[in-house]
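Guided by the hints, dock chain W onto chain F, whose structure is given.
Protein chains: 2
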Amino acid sequence: MKKFLNSPDTVLADALAGLAAAHPDLSVDLDQRIITRAHGPHRAKVGLISGGGSGHEPLHGGFVGAGMLDAACPGEVFTSPVPDQILAATRAADRGAGVVHIVKNYTGDVMNFQMAAELAGDEGIAVRTVLVDDDVAVQDSTYTAGRRGTGATVFVEKIAGAHAEEGADLDGVAEIARRVNAASRSFAVALTACTTPASGRPGFDLPDDEIEVGVGIHGEPGRRREKLAGAKEIVATAMDAILSDQPLDPADRTIVMVNGLGGTPLLELYLVFGEVSAVLADKGITVARTLVGNYVTSLEMAGVSITVCRADEQMLALWDAPVRTPALRWGC
Amino acid sequence: MKKFLNSPDTVLADALAGLAAAHPDLSVDLDQRIITRAHGPHRAKVGLISGGGSGHEPLHGGFVGAGMLDAACPGEVFTSPVPDQILAATRAADRGAGVVHIVKNYTGDVMNFQMAAELAGDEGIAVRTVLVDDDVAVQDSTYTAGRRGTGATVFVEKIAGAHAEEGADLDGVAEIARRVNAASRSFAVALTACTTPASGRPGFDLPDDEIEVGVGIHGEPGRRREKLAGAKEIVATAMDAILSDQPLDPADRTIVMVNGLGGTPLLELYLVFGEVSAVLADKGITVARTLVGNYVTSLEMAGVSITVCRADEQMLALWDAPVRTPALRWGC
Chain F
1 MKKFLNSPDT
11 VLADALAGLA
21 AAHPDLSVDL
31 DQRIITRAHG
41 PHRAKVGLIS
51 GGGSGHEPLH
61 GGFVGAGMLD
71 AACPGEVFTS
81 PVPDQILAAT
91 RAADRGAGVV
101 HIVKNYTGDV
111 MNFQMAAELA
121 GDEGIAVRTV
131 LVDDDVAVQD
141 STYTAGRRGT
151 GATVFVEKIA
161 GAHAEEGADL
171 DGVAEIARRV
181 NAASRSFAVA
191 LTACTTPASG
201 RPGFDLPDDE
211 IEVGVGIHGE
221 PGRRREKLAG
231 AKEIVATAMD
241 AILSDQPLDP
251 ADRTIVMVNG
261 LGGTPLLELY
271 LVFGEVSAVL
281 ADKGITVART
291 LVGNYVTSLE
301 MAGVSITVCR
311 ADEQMLALWD
321 APVRTPALRW
331 GC
Chain W
1 MKKFLNSPDT
11 VLADALAGLA
21 AAHPDLSVDL
31 DQRIITRAHG
41 PHRAKVGLIS
51 GGGSGHEPLH
61 GGFVGAGMLD
71 AACPGEVFTS
81 PVPDQILAAT
91 RAADRGAGVV
101 HIVKNYTGDV
111 MNFQMAAELA
121 GDEGIAVRTV
131 LVDDDVAVQD
141 STYTAGRRGT
151 GATVFVEKIA
161 GAHAEEGADL
171 DGVAEIARRV
181 NAASRSFAVA
191 LTACTTPASG
201 RPGFDLPDDE
211 IEVGVGIHGE
221 PGRRREKLAG
231 AKEIVATAMD
241 AILSDQPLDP
251 ADRTIVMVNG
261 LGGTPLLELY
271 LVFGEVSAVL
281 ADKGITVART
291 LVGNYVTSLE
301 MAGVSITVCR
311 ADEQMLALWD
321 APVRTPALRW
331 GC
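Taken in sequence, the protein lines are chains F and W. When we follow this note's numbering, the leftmost residue of the first sequence carries the number 1, and every step to the right adds one. When we follow this note's numbering, the leftmost residue of the second sequence carries the number 1, and every step to the right adds one.
The following block holds chain F by itself, in its conformation from the complex (with noise of 0.2 Å):
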């Protein structure tokens, strides 16, 4: 395993260290490993959190910040975070006007939300829990019972935190951030596997010449092995999935990510995103906003998920607004 570590038990603490020490609009507490926002919201707002395995960075410490979350709890890498560390970050975002916990479908992660939320009600917190399952490939698969939540949760965060900027109350940022999720759709397709510091070893093998189409983000089976094919097929396969899960008019709008999952080259990623805006253009179909890079990584993986949401006027809106984190920022 080569890795920049200093021994696979501290990498969460190291990192914890390395993220405090580079971003003094956070504040990390060490202790019990959570990240806020160094200064506010000083207002009463909806609070917005967000927290799941670690490995997935810039999920979900690098969205803490004006104008997306309030929170994150990272756990150890691809694993949930703790009960008690979920109820901290729900209490560290109470402003009096209750919390959003968005939470990627995983049995664990849901599990320890639903735990922490039931401790957060026994002291007067009101919590509305939202999950994200945008995945097409699978229905069932490792970590997961139905749909594996993926690429979407940036939306969600985005518009969600958005929407609690300006003021909405804790039904209202639940139910757009509940409407993100159901119009949003993602696949994936890796070419390589990421190795857990914990474990040391790839994932799982993956023969020179074949590509795993519908990867998770911890290295789950998809739906197929397939030989390498040119990135216009992958593109192809990937589209047709989400589309068929989801058709879009050429009336609708759309926001899209074609997503790095860490090992990919950013010259790649834009090659990709030149494919899906040519298969969307093709449909008449209009990319009203774009992200491409790094967003919901597996530590060093090589390869891309696409994630298309379909988005009304105010979701659009609420994209535009301003936002101020580490990964995501432009307005202010």
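Certain hints may be false.
A pair counts as met if it fits within one copy or between any two copies, since identical chains are not told apart.
Derived lysine to any residue pairs resembling SDA-like cross-links, with alpha carbons at most 25 Å apart [what the hints assert, rightly or not]:
1. Lys283 with Asp122
2. Lys2 with Pro202
3. Lys2 with Arg223
4. Lys283 with Asn6
5. Lys232 with Ala38
6. Lys283 with Ala182
7. Lys2 with Asp240
8. Lys227 with Pro202
9. Lys232 with Asp249
10. Lys227 with Arg95
11. Lys2 with Asp208
12. Lys2 with Glu233
13. Lys2 with Ala13
14. Lys2 with Gly200
15. Lys227 with Asn6
Bear in mind the hints are in silico, worked out from the structure with no lab data behind them.
Leaving out everything else, chain W in the frame of chain F:
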């Protein structure tokens, strides 16, 4: 070779098409292969351009925009842009106040930018050339006579770009660009090699338990091979090289970048930044500004570079000035 591409021959053209589709703020001339700002500037200002081989994205195209570059001219992967292309970028950036060429110190780049500068001069465009040569690892190397230009390019482009935006004249912009380069030092370590689409093979062989200490951004050899060590030791080696080349006082304030070479997860980059920050804190040196992420990459190489700039008040103020590009964005 496992990559998302259609053909090794069309990688750059296909990626530029994707870049154009992804960023409405950029104007991409697919024939001349130059990237300019889609909207202005509409007033006289000093133009700033840079370019070099592709494969280092977001450098340079991702730094085109208000407050930074006016134009970029990407060559084929790891290959200098040609003089006519550089000339086209120079013309596009010229608003009558002259153009600064920011050139990383590689033999091909230096030669082709010089030819373009002469051609531009014949057309009456005043050009100043600023050479970036911040890599302390080796004196001469493959591709280079003298030190290689690496991470400091981001600092030079940001700070000189802000100075041009505030109306500095041609010599003033070139002068601060040279000062930033002179105040910056970089050092890189690779865990793996990268593979260019044209060659289809890794640029060098590196045993499973060894690292290349002082690697260049095209995989050029560094100072030596070492056994893989802990992050703390690797950072100590790199910081020792940087700080012995340019000793810093406790009174100094620095801009520090921990840059991923393309295949290293952000989790590890933060971990490395934590170690860098600890080394500087130990010496009482202030880290005034930070960047952690993939800014000057080497395709999918796993590795990290560290750049430290001793920044004066003017540099810090220009660093903080608004910037609006695909890869760096704040204050606007």
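Okay, the hints, checked on the actual structure:
1. Taking the shortest alpha-carbon separations for lysine 283 and aspartate 122, neither the intra-copy value of 51 Å nor the inter-copy value of 48 Å comes in at or below 25 Å.
2. In this assembly of identical chains, lysine 2 and proline 202 lie within 25 Å of each other by CA distance both inside one copy and across copies; the values are 11 Å within and 16 Å between.
3. Taking the closest pair of Cα atoms, lysine 2 and arginine 223 come within 25 Å of each other only across two copies (19 Å); inside a single copy the shortest separation is 29 Å, beyond that limit.
4. For a Cα distance limit of 25 Å, the shortest separation of lysine 283 from asparagine 6 across copies, 21 Å, qualifies, whereas the shortest one inside one copy, 50 Å, does not.
5. In the homo-oligomer, the alpha carbons of lysine 232 and alanine 38 never lie at most 25 Å apart, since the shortest distance is 44 Å inside one protomer and 27 Å across protomers.
6. In the homo-oligomer, the alpha carbons of lysine 283 and alanine 182 lie at most 25 Å apart inside one protomer (21 Å), although the nearest pairing across protomers, at 52 Å, exceeds that limit.
7. When the C-alpha separation of lysine 2 and aspartate 240 is checked against a cutoff of 25 Å, the pair qualifies only between copies, where the shortest distance is 22 Å, while the shortest distance within a copy is 36 Å.
8. Proximity of lysine 227 to proline 202 under the C-alpha cut-off of 25 Å is found in both arrangements, the shortest distances being 20 Å within a copy and 21 Å between copies.
9. Taking the shortest Cα distances, lysine 232 and aspartate 249 sit within 25 Å of each other inside one copy (22 Å), while across copies they are farther apart (54 Å).
10. Taking the closest pair of Cα atoms, lysine 227 and arginine 95 never come within 25 Å of each other, the shortest separation being 52 Å inside a single copy and 51 Å across copies.
11. Taking the closest pair of Cα atoms, lysine 2 and aspartate 208 come within 25 Å of each other both inside a single copy (19 Å) and across two copies (7 Å).
12. When the C-alpha separation of lysine 2 and glutamate 233 is checked against a cutoff of 25 Å, the pair qualifies only between copies, where the shortest distance is 14 Å, while the shortest distance within a copy is 32 Å.
13. Proximity of lysine 2 to alanine 13 under the C-alpha cut-off of 25 Å is restricted to the intra-copy arrangement: shortest distance 19 Å within a copy versus 33 Å between copies.
14. For a Cα distance limit of 25 Å, the shortest separation of lysine 2 from glycine 200 qualifies both inside one copy, at 9 Å, and across copies, at 22 Å.
15. With identical chains, the CA atoms of lysine 227 and asparagine 6 are at most 25 Å apart between copies only, with a shortest distance of 14 Å across copies and 37 Å within one.
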